[in-house]
Every structure is written in structure tokens, then in C-alpha cells.
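Participant: Here's the letter readout for the chains.
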Amino acid sequence: MPKILRRLLLKTVWVAVVFLGITVVSFWVIHLAPGSPTDLQTTMNPQVTPEARARLEKLYGLDQPVHVQYARWLARLATFDFGQSVSGDNRPVWDKIEERLPLTFGMNVASLVLTLLLAVPIGVLSAWKQNGPFDRAMTVLVFAGFAMPGFWLALLLMLWLGIAWPVLPISGITSLDFPHLSLWGKTLDLLRHLALPIFIYTFGSLAGLSRFMRASMLEVLRQDYIMTARAKGLPERTVIFRHALRNALMPVITILGLSVPGLIGGSVIIESIFALPGLGQLFYQAVMSRDYPLIMGSLVLGAVLTLAGNLLADVGYGLADPRVRQASGEAA
Amino acid sequence: MRPLTRPSFLSRHGLLVLGLALVGVMSLASLLAPWLAPFDPLDINVRAILQPPSWNHPLGTDALGRDVLSRVLWGGRVSLWVGFVAVGISTAIGLALGLVAGYFGRLTDEIVMRGVDVMLCFPSFFLILAVIAFLEPNLTNIMVVIGLTSWMGVARLVRAETLGLKSRDFVLAARVAGAGPTRILLRHILPNALAPVLVSASLGVAGAILVESALSFLGLGVQPPDPSWGNMLLEGKEVLGIAPWLSVFPGLAILLTVLGYNLLGESLRDLLDPRLRQ
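Protein chains in written order, with the working numbering: chain S, 517 to 848; chain Y, -3 to 274.
Worth flagging that the hints you see were computed from the coordinates, not collected in a lab.
Among the clues, some could well be false.
Claimed, not checked - Once the Cα atoms are required to be at most 20 Å apart in a straight line, the calculated EDC-like pairs of lysine to aspartate or glutamate come out as:
| # | chain 1 | residue 1 | chain 2 | residue 2 |
| --- | --- | --- | --- | --- |
| 1 | S | K527 | Y | D113 |
| 2 | S | K645 | S | E567 |
| 3 | S | K645 | S | E573 |
| 4 | S | K645 | S | D740 |
| 5 | Y | K233 | Y | D222 |
| 6 | S | K527 | Y | D105 |
| 7 | Y | K162 | Y | D105 |
| 8 | S | K519 | S | D830 |
| 9 | S | K527 | Y | E106 |
Given the structure is predicted, the values throughout are model-derived calculations rather than measurements.
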């Protein structure tokens, strides 16, 4: 037990170091780049004098050296204060993030669940009948999935289901008559708006995950205990679903933790295509208006989610496989 | 026996051949764009706005009357260029760090591999987006930023290869003969570690092309009027309902190119890794 505790402690320290590293690099890159958040409010407005600009910079703390700004930012972050947005409304960064979190988070969770529900059977079947017709068909699908840019798939689907055969809305999250709908009508309206985005998220991650499931299953099927199970005369069904699937599933579930950065990046593009008011769109707007606190807030959130995903993957993997637990216990 | 090998090679390595063909055709088409393109990709023609595909304009024209086929051909140069330079940068970094980490081990290894871990935790697309937007979106910045954020896989790969190779007899022999670490790494280990690097470079080109097209689609990549597949799709989105051909062909070009590099990489991997061959 102390070994596990020690490992957990080391892991926590490591995560903290990585988190600090990410914030330092991001902060420097963003603040040392040419241009400033005050550009939009000053340079573009001929009535603003250099003095007014200097006052504005002082107000935002931009007149200080970068390391002082970083120290202040970090000190505020420690009290969970992300600062205030410097573009337009000056609202607290966390408020702006919080109101957009449910949509992005909900869509990603929904698509992850869908991906798992589809990828696991596909992977198992492909591995079970390796090189059979189903496996070959799925291989084609996987290669198409890897090569298909999500935003192009979105355009094609909008063209097909939104314009040529208009059955789904292609922009926004609710219809104009949304406030007047019944609860059931509201749910349906929301689902219809989110159907295409969720499908595109799912298609994007399905290729990778089903491929991984197939590889994991093939690896397990090669093990001696599978041969033992078959030799005992167990029905093939029991061998596949009781003995093989259980062991093949764990690495797949843990790899979900590693897919977080991809999901974060994907939401920027998909939310901008479908005009969805989520975090990706917020980040895009923040970048365009050089809203430093808002950009840093989003990056911190992204880093925290990524690290949490990595940690979960790590812990899950260790719990699932005693061999890993032992090996890393010795190494750490 | 000789004539028999040919058909069996084709049937056994069909995916490799398909990948090579796709990569070859798409590369040639964009390299020869100045000669193949029927029109100047920047030529505005107000009398031929948003025309559907025809004999004169095989892929139609865009909102400014520019020929889409010519723009797709010229746009391919951007993708090809970004793919190769970005992968060149990431492969160079990954090779150097991987060789050093694998060969010297201990603290060097620890530092490099923890650096890899940190980089893997970056929400990299967020950072790429921010950096490009701040540094002004142009081709050089895009290539460098993609290269600097995608070397981790190569570094891990090369480190693992180096670890395996450094205790082999021929490396020991070289060391006994008095070769220094630089010579051992460059002359004896590097050539033997190149095969998996080739695979990851091919897959890397595909990834870089996808990132560039996504950036251009967000308006943060190649700037108009210069054509790139991503910004053509962005322009196509505005007129999706009236000119669907603008949104179809550039995307198809991305799909075929990326598919080609992926097929090439995957089948090279199978070819080079005897354990996977059955």
C-alpha cells in the first residue's frame, strides 16, 4: 500500500509541475507576441490619444514586465480567480466559460458514449473474423475516417441534410420558436440542432477507437489463456465475450482519457461551422480579440482536462493490469 | 519464377500501391500546376461568377469567377509544402532528441522524455490557433508552429530504436574501435533507426495537411486571394446553397491526399515490421 501511495504522490507532484510548465509557456508565448488587447480599442479608433492608451494598459496591468504579470496571474489563479475579460463586456472570465461549458461538455460526452457503443462491437467483430469481409469493409471505413477532415464532412452533411433534403437545421442551437415549445418540443428541437455536430464528433473518433479496439482484441486473442479456454471446449461465444473482451476493453477505456486534446481542438472547428455557442467558439473569439485573460483561462481549462484525462488513463491502466502496476511501482 | 513475383506483389501490397499512386498523382498535379492549370488561379472574371462545372471550367468557378480547377491545383502546392516542411522540422527535432535520450540514458533521457510528456499534455490546437493569430497567419509561421508541436512521436520512436540498437554487437565494435558518440550515433545507429521514422513521417505529412486545412478553414491559415484547400472551403461555405461544387472539390482533394499518405505510412509499417507480417 505505501508503494501505491508513494506512486500517487509522485504522480501528483508531476502533474503539478506539468501544469505549471504549460501555463508558463502559454503565458510567455501569448504575451511576447506582437500586438496587444488594447489595439482593437485604440489603434482602430483615431480619437484615442497615446495617454489614454497608456492608461488602458495600466488598467489591465500590461505595463508591467511579463514575469510580474505572470506572477500576478498565478496568484489570482490560486484563489480560482481567472481575471476579467478585456474585450468588450469586461465580465469575469470564469462566468463566460461557465455558461458555455454545458454545451461543449455535453456534446463531447454524448459523442464519446456513442463512439464507445459503436467502436467496441466493430473492433471485436473485426478481430474475431480477422481479414473477413466485415473486417475489410471496416478497414476501408477507418481509412476514410482518418483522412476525412471533420469540417468537410460537416459541409457535405449540411449540403445533403440541410439544403438538398432539408430535414435538419444547420446552424445555431435552437429554433426561433423555441420559447413557445412544450418541454418535449424543446428537447426535440435541441436534439435536432445537435444531431449533425454530434454525428461529426463521433465519426471523427470512431475510426481511431475501433482500430484500437481491434488491435487490443487481436493481442488478447493471441494469449495462452485464450487457447486454454478454447482447449477446455468452451463455446466460442464465451471465449470471446467472457474471456477476451473483458481484458481487451480496459486499454480502450483508458485511451479515452488521452483523446481529450483532440476533442478540445475539434470543438473550435465544429462550433464555428454550426454557429454553436460553446467553448470552442468562445476561444476563437478570444483569440481574435486578443483577450489575454480569456485565452489563458481557456488554455488552463484545456490543460486541466487533458491532465485529468492522462491521469485517469494512467491509473485505469495500472488498476487493470497487475503487470503494469508492479513494473511502475518498481520504476517509481 | 521471375514473372510470378509481379502479380503477387500487387495483390499482396495493393494498399501500398494505391497509396503511392494517390501520393504520386496529387504531388505531380500540384507540382505541375503552372503548366496544368487552364487559368490563372487569381484571375477574376466577373462575367463567369459561380458557374457550375462545364467543359470550360471542369470544376466550376467561384464567387469571383475564378477557375476552381486551377485553384485546387495551386492550392495543392500549399498543402504539399506545409506537409513536407512541417514534418521536416518535427522529424529533425524528434531524431536529435530521441537519439540523444536513447544513447546517453539516465538524466538526459529523463529530461527529454519528461519534456515529451509535457508537450503531449498541451492542448496543442488551442495553442497553435493562438500563436498563428498573434504572429499573423502566413505559411512560414504555420509550418514552424506545426513542426514545433508534433515532434514527440518521432522522439519516442527513435529513443526506443536507439535503446535497442546501442547494445548490439556492431555498435560495441565501433566503440571498441574508438568511435566517439557523435560518430556512433550518426553512422551506426541513425541509419538503422530510419525505417520507423519514414513511416511516422508519411503519417505526419497527412496530419500536417489536415491541421493546415483546418487553420485555413478558420481563416487563420493561407490568406486570400492565394488559394489553399482550407480557405477555398471557407469561401465555399458562404455559398453552400447555390454553389455546392465549391465545397466539394477542395475537400475531395484533401481526402485523397491525406488518404494517400496514410495508406503509404500504414503499408510501409506492415512491410518493415516482420512481426506484423503474416
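Participant: Does each hint hold? Answer for all of them.
Facilitator: Hints versus structure:
no.: 1; hint: S:K527 / Y:D113; in the structure: 13 Å, holds
no.: 2; hint: S:K645 / S:E567; in the structure: 74 Å, violated
no.: 3; hint: S:K645 / S:E573; in the structure: 65 Å, violated
no.: 4; hint: S:K645 / S:D740; in the structure: 19 Å, holds
no.: 5; hint: Y:K233 / Y:D222; in the structure: 17 Å, holds
no.: 6; hint: S:K527 / Y:D105; in the structure: 18 Å, holds
no.: 7; hint: Y:K162 / Y:D105; in the structure: 14 Å, holds
no.: 8; hint: S:K519 / S:D830; in the structure: 16 Å, holds
no.: 9; hint: S:K527 / Y:E106; in the structure: 15 Å, holds
Hint check: violations occur at hints 2 and 3; the rest are consistent with the structure.
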